[in-house]
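Asks: For reference, the chains in residue letters:
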Amino acid sequence: MIPADRPTQRPTTARLLYVDAHGAIRHVPRSRLVEFLRPGDLVIANDAATLPASLHGVHERTGCSIEVRLAGKPSLAHRDAQRFVAVVFGPGDYRTRTEDRPLPPVFEIGDVIELGSLSARVERILDHPRLLALRFEAEVDELWRGLATHGRPIQYAHVSEPLSLWDVWTSIASAPVAYEPPSAGFALDWQMLADFEARGIEFATLTHAAGISSTGDPELDRLLPLDEPYRIPVATEDAIAAALCEGRRIVAIGTTVVRALEHSAATFGSVAAGESVANIRIGAETRLRVVDVILSGTHEPGTSHHEMLHAFADKAALRRADEALESAGYRSHEFGDSVLIERDSRRYSRPAGPRIEREDFPENQGLVGRRAPRILRRFAPASAHVVQESHRLSPARGLLCLRD
Amino acid sequence: MQTQRQSETLRRLRGVRVAITGGTSGLGLALVEELTHREAKVALIARTPARVDSVAAERSAHGIVGDVASKHDIHRIALQVTGQLGGLDVLINNASDLGPTPLALLGDTQCEDFERALATNVLGPFRLTKALLGSLAASAREGRGALVLNISSDAAVNAYPQWGAYGASKAALAHMTRVWNEELAAQGVRFIALDPGDMDTPMHAAALPGADKSTLKQPAQSAYELAEAICDLLPARAVLRYAS
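In the order they appear, the protein sequences are chains S and Y.
Here the first sequence stands for residues 1 to 404, where the numbers follow our numbering.
Here the second sequence stands for residues 1 to 244, where the numbers follow our numbering.
A hint or two may mislead.
Quick list of in silico lysine to aspartate or glutamate cross-link-like pairs, EDC-like style, CA-CA up to 20 Å [to be verified]:
| # | chain 1 | residue 1 | chain 2 | residue 2 |
| --- | --- | --- | --- | --- |
| 1 | Y | Lys-130 | Y | Glu-183 |
| 2 | Y | Lys-71 | Y | Asp-113 |
| 3 | Y | Lys-71 | S | Glu-161 |
| 4 | Y | Lys-213 | Y | Asp-195 |
| 5 | S | Lys-315 | S | Asp-20 |
| 6 | Y | Lys-130 | S | Asp-189 |
If you are wondering where the hints come from, they were derived from the structure by calculation, not from laboratory data.
Fair warning: this is a prediction, and the values are worked out from it, not measured in the lab.
Chain S on its own, in the form it takes in the complex (with noise of 0.2 Å):
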């Protein structure tokens, strides 16, 4: 594939490869997107907007300049709005590869970092010495003012003009809690969103702190993605119980929106909302409980990215996809161009686990066609750390639809 080195979100030229859910391949613009969907799919977006999470300045102890990439935090609470977990860089900048940066200095307890106004502490040195829990010291309203001041987007070499935050902010953007774009959400605009309303195509949202793709440091890479704190609204969750209790479709706008759908239905029984941290890894031995298409770019098989597509798709048809990707001249990275891929009639056809007949309920005895969705009697309770907005608790629904 080709690297996109332009900072375009929706270039006219953007394709679209296309997977159907039988492993036949279509290539396509990406602005005939809406095409491929279908009257009654539920659309799904993470409306994160992005950080200036690249933070430059300077190591107290040694000063030493480093480079700091705020890549993640415990949760959204407002109690660890000053905590983050950062990835260190020694001198430098995005313009030279990450694989390529000088290490930074070995970080210990208590070390002061010293980046613009602001300076953060070291609370932990985490799983790799360059992977740090940092506290900022300022008061939160001055921990923003210095981080809209001092922050860069984070950025990799294969772009060379700098980015702005405008560049890296999706037409939805909404909080700021990404460390790097929810990328798959630049294929949609306002006027995309006004042609899912007439084509009878639901829309709705969460809200997913997505992580740093890629440190340059295979140990680091392994790592990734950390763990990812995820806000699901409440009407998110009504509209995704109504869409699988219908057999209507779910479309995913890219993995951040599969890893925190999936991980919510496999914590709580079904999607719930409230505010939750995903820390699942998918892949081929997963079983997706909810997402049926997935939107994504275009990624290099061994990324945690393309991980996640054998959860879809099985290895010969993604196999046939990266060929055809590469054959093509698709362009890569987060500016680049998109799959489409439904998830695999085969493998999703058979019921898992404890399968319940459709002559148990009267409602569904002498229906045709697509299967009704398996309805537990069960009624899953959500986990206590679920935090709900205690003003808008969702009400308990007796049945819980859950798709086979």
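Given the coordinates of chain S, assemble chain Y onto it according to the supplied hints.
Replies: Relative to chain S, chain Y alone:
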């Protein structure tokens, strides 16, 4: 005007997240006072750091330093608004530029003065609204309601000599407001342009230094009326839920 306030019927906006541009003087300052009084979470945006910090501290609001006329400030402002408030329900584009001061006939207006009026009164609100549209639409999807209130003027409707740059820019803002409203209706984001009337503000003094102040409205009165309009336009749930 205190007589207009009937505290037993004052509608609260507890927890409603509001951003106000030009929030350190005139109508903007009065809006910060009125809305914080109604228990809204307010972020104010203005150019002078010392003024921003003192108003923010006095009113328990969030202060953001930035110039809406500057393209490079817009996303930095939007970042701080959404970061500090945790989202946005109401955006009030209040910051305005008169164009030439003292006011001048169009034939005597410097292009740079007209450009500055357009940058502050039209392009600034356009850019800031665009940068915050995702937050507003998210708020609408969550049933909290989403509203953009653009401060207009009778000069946007009537052709007053010497008010050409200001009037033309406010007319453009009012028209843009109507188009936004048409385009975003399906997303649940409402747009409205309101004329607060002739007020006793620093801007009015700059425009018409000799005006009889006794004929002018107090900005607090206009702020009260605008707050009432916000209560009317947000979904009943958002306002009533917090009614005391």
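Asks: Would you check the hint for Lys-71(Y) and Glu-161(S), treating anything up to 20 Å between C-alpha atoms as holding?
Replies: holds (18 Å)
Asks: Take a quick look at whether Lys-315(S) and Asp-20(S) sit within 20 Å of each other, Cα to Cα.
Replies: holds (14 Å)
Asks: Can you confirm whether the C-alpha distance between Lys-213(Y) and Asp-195(Y) stays at or below 20 Å?
Replies: Satisfied, since the Cα-Cα distance of roughly 18 Å is no more than 20 Å.
Asks: Given the hinted pair Lys-130(Y) and Asp-189(S), is their Cα-Cα distance within 20 Å?
Replies: Holds, at about 12 Å.
Asks: Taking 20 Å as the top limit, are the C-alpha atoms of Lys-71(Y) and Asp-113(Y) close enough?
Replies: Holds: Lys-71(Y) and Asp-113(Y) sit about 17 Å apart, inside 20 Å.
Asks: Do the alpha carbons of Lys-130(Y) and Glu-183(Y) lie within 20 Å of each other, as the hint requires?
Replies: Holds. Lys-130(Y) to Glu-183(Y) sits at ~12 Å (cutoff 20 Å).
Every hint, counting from the list given before, is met by this structure.
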